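Chains as they are written, first to last, in this note's numbering: chain A, 1 to 259; chain B, 1001 to 1125; chain C, 2001 to 2386.
All the pointers check out, no bait thrown in.
Below, computed lysine to aspartate or glutamate pairings styled on EDC-like, alpha-carbon distance capped at 20 angstroms: (1) C:K2079 - C:E2231; (2) A:K246 - C:D2268; (3) A:K60 - A:E215; (4) C:K2083 - C:D2154; (5) C:K2222 - C:E2382; (6) A:K51 - B:E1070; (7) A:K246 - A:E114; (8) B:K1064 - A:D150; (9) B:K1064 - A:E143; (10) C:K2153 - C:E2003; (11) A:K137 - B:D1059; (12) A:K137 - B:E1070; (13) A:K141 - B:E1068; (14) B:K1064 - A:D144; (15) A:K117 - A:D63; (16) C:K2344 - A:D96; (17) B:K1122 - A:E182; (18) A:K51 - A:E143; (19) C:K2152 - C:E2003; (20) A:K137 - B:D1063; (21) B:K1080 - B:E1042; (22) A:K141 - A:E127; (23) A:K51 - B:E1068.
Quick caveat, the hints were computed from the structure, so don't treat them as lab data.
No experiment lies behind these values; they were computed from the predicted model shown.
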Amino acid sequence: MDKTRRTILKLAGASALGLGTGSLGLLGKGIASAAPTPPTAANYNSPLHAKRWAMVIDTKKFDDALLQKCVKACHTIHNVPDIPTRQNIKWLFTGDYEETFPTEHNHFVAEKVEHRKFLMLCNHCTEPPCVRVCPTKATFKREDGLVMMDYHRCIGCRYCMAGCPYGARSFNFMDPRPYIKEQNPLFPTRTRGVVEKCTFCVERLAQGLMPACVEAADGAIFFGDLEDPGSEVRKALRENFAIRRKPDAGTQPGVYYII
Amino acid sequence: MYHAKYIIPALLVFLAVVTFPFWAKGKAVYRVELKLPANQTECIEDTETMRTSHMQILDHWRDKVVREGERVYTNAKGVKYSMSLTNTCMSCHSDKEKFCDKCHNSVGVAPYCWNCHLTTPKGGK
Amino acid sequence: MLEKALRGSPRYWGLLFVLAAAIGLGFGFYLYQLSYGLTVTGMSRDVSWGFYIAQFTYLVGVAASAVMLVLPYYFHHFKAFSKMIILGEFLAIAAVTMCLGFIVVDIGQPQRMLNVILFPTPNSVLFWDMLVLNGYLVLNLVIGWTSLQCYKKDVPPPSWIKPLVYLSIMWAFSIHTVTAFLYAGLPGRHYWLTAIMAARFLASAFCSGPSLLLLLIMFLRKLTKFEPGKEAIQALATIITYAMCVNVFFVLLEMFTAFYSNIPGETDPMVFLFSGLDGVNNLVPFMWTAVVLGLGSLALLIPVKIRYNQNVLPYALIMLVIGTWIDKGMALIVAGFTPNPFEKVTSYMPTIPELMITLMVYSIGALVLTVLWKIATSIRMEKEGV
Chain A
1 MDKTRRTILK
11 LAGASALGLG
21 TGSLGLLGKG
31 IASAAPTPPT
41 AANYNSPLHA
51 KRWAMVIDTK
61 KFDDALLQKC
71 VKACHTIHNV
81 PDIPTRQNIK
91 WLFTGDYEET
101 FPTEHNHFVA
111 EKVEHRKFLM
121 LCNHCTEPPC
131 VRVCPTKATF
141 KREDGLVMMD
151 YHRCIGCRYC
161 MAGCPYGARS
171 FNFMDPRPYI
181 KEQNPLFPTR
191 TRGVVEKCTF
201 CVERLAQGLM
211 PACVEAADGA
221 IFFGDLEDPG
231 SEVRKALREN
241 FAIRRKPDAG
251 TQPGVYYII
Chain B
1001 MYHAKYIIPA
1011 LLVFLAVVTF
1021 PFWAKGKAVY
1031 RVELKLPANQ
1041 TECIEDTETM
1051 RTSHMQILDH
1061 WRDKVVREGE
1071 RVYTNAKGVK
1081 YSMSLTNTCM
1091 SCHSDKEKFC
1101 DKCHNSVGVA
1111 PYCWNCHLTT
1121 PKGGK
Chain C
2001 MLEKALRGSP
2011 RYWGLLFVLA
2021 AAIGLGFGFY
2031 LYQLSYGLTV
2041 TGMSRDVSWG
2051 FYIAQFTYLV
2061 GVAASAVMLV
2071 LPYYFHHFKA
2081 FSKMIILGEF
2091 LAIAAVTMCL
2101 GFIVVDIGQP
2111 QRMLNVILFP
2121 TPNSVLFWDM
2131 LVLNGYLVLN
2141 LVIGWTSLQC
2151 YKKDVPPPSW
2161 IKPLVYLSIM
2171 WAFSIHTVTA
2181 FLYAGLPGRH
2191 YWLTAIMAAR
2201 FLASAFCSGP
2211 SLLLLLIMFL
2221 RKLTKFEPGK
2231 EAIQALATII
2241 TYAMCVNVFF
2251 VLLEMFTAFY
2261 SNIPGETDPM
2271 VFLFSGLDGV
2281 NNLVPFMWTA
2291 VVLGLGSLAL
2301 LIPVKIRYNQ
2311 NVLPYALIML
2321 VIGTWIDKGM
2331 ALIVAGFTPN
2341 PFEKVTSYMP
2351 TIPELMITLM
2361 VYSIGALVLT
2371 VLWKIATSIR
2381 MEKEGV
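Work out the full structure: start from the sequences and follow the hints.
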């Protein structure tokens, strides 16, 4: 068993090198250097707090390289496996206009928007259907608006995946470890049989750090407290026209897109 | 009941066999040789507490961190620790096979912590 | 009474052996699934429920359908059902057993299953479904076993059984309603998001369940000297006919709403089922088969003369069971996930391991049913002195 796993790891590593030689350098150096220091109690002295965390993505500022940099930053620090089948795992992913906003049935969309790619992730909804349907409270909403997963409690019934209108959730159909290219030793992997998704980097907020994608996006993603009129997200929403994915689902998504 | 004179004694024998490990305490003292961290002398709590209650502590940590978002543990002496199996425990107890597994294997428990949590925060395996 | 299950003809033991062998074979595949995960199934990130949950849904209907015998017998004193009623209750027990089996094989962490009870979550429909299914199982076990025991001993059933029977009638409606609520309350799954989902579920259950029961009873009549009675068969066939008419009517209501409103979210899953969407059309032949079989069964059931002809009736019932099974046991789940949240279509077909594990659960149900029916018929034979 162990031997085969190692072989698969080697294979995965080799293909990663082959596919990603160009993009490896894009990753911010601070995020996954070779020998990271484990956070101690002192690292949690000044956590970031909010009444309701939210994200505003300035989609105008994104090109393919920046999108990939953000996805890679997220997937590397969270040990998200790269599985080449439709049983894959995605926390932060991209799609074109129609995939991202399928309820906006428009013809002749402005060319720059039509060809633009958009980041998608868990919307950390105010009224999350995934939380409503979960039979064990394995997924739950915190007071600050984060929708969290307790992988220890998840029974893998996948009801939350049926409930989520955004396709933000992934199920571990198989052991994910052989498919993780570079393991971040400071963060757990997941195990076979549980559902996972983006956490708005709860572990980084607790250390006073911004989410990994926000850090990687060099100012193209705003993150902050939606209930604080002075916050960066509120400022961005005041000054720009922004939309949300499937607002008609009534879930009140916490991720906004400046078009 | 049909055949009570056979069934009841048989049931009693069955119960005796099943409960055997609970009432028949052996005299041999249970000993395991553990590899302790070289650069540390104190764990987060005293040895006796860790020996008997590390699983409850970890369970408590898990709920605190995952469900309540509290990440710092203050021990009996007032020292603070990050509540993390890999980043705190395994920073010192860096060899799972010579520490965790020693007892777990000999008492036949297989905690599934390691399905997700890595065995060292230093990278590698 | 259990001793009746221990004495039987070579044919009885042969059947049990075949079923046990099928269970063993399927269990091998289940071990394979346990060690590699649900990756051995055809399910994916887009179609995250599949054949298992579909069988679960279909069988909840079969379990609920016992009420089509219990209700006329207890509420309307329709005595002709007296011989069949115990068989209906025992079929419900076997069906619920299979439902629970399909849930167990579908979840990713079966060893944590009891978390549903350890952390009860009333806002989750799945929590309520667990409650009503287990409750229905216990109700049928208690009612079925007690009434059979009283029949054997020639004593009237105890007085506490009546309230339980009335409760079980309400309960039967609740299990399929709650199962429909699993699907009907999810934003973004348009095929399921319909107020008549529970009504549709009940209608299809009340035709397919009794059809399956009647087929099995006719088979039992061939194997043993059990005689359900002509009046009972005809009455049940009539109930099936009405329920099937209502079922087809409900499907047409869905069609109207979808195609007259012309809202893409409503029409897309139907187009996917009946002519394919974005080039994915693997369910199309099945759906048209279901249409032909469903309408064909109605053509045989509606004319009273054909319906009461016991040589033709089994064919009508087989057509009906297959047709409704395709609708619920194949199409319902996949169409709910089509198109996915990104308006893309992912095809789904069960894999061999998935089918073998399904075979295991069905065989477990058949084994439970065989043993229970063996006990019930042996006691009846003994009493009637045949």
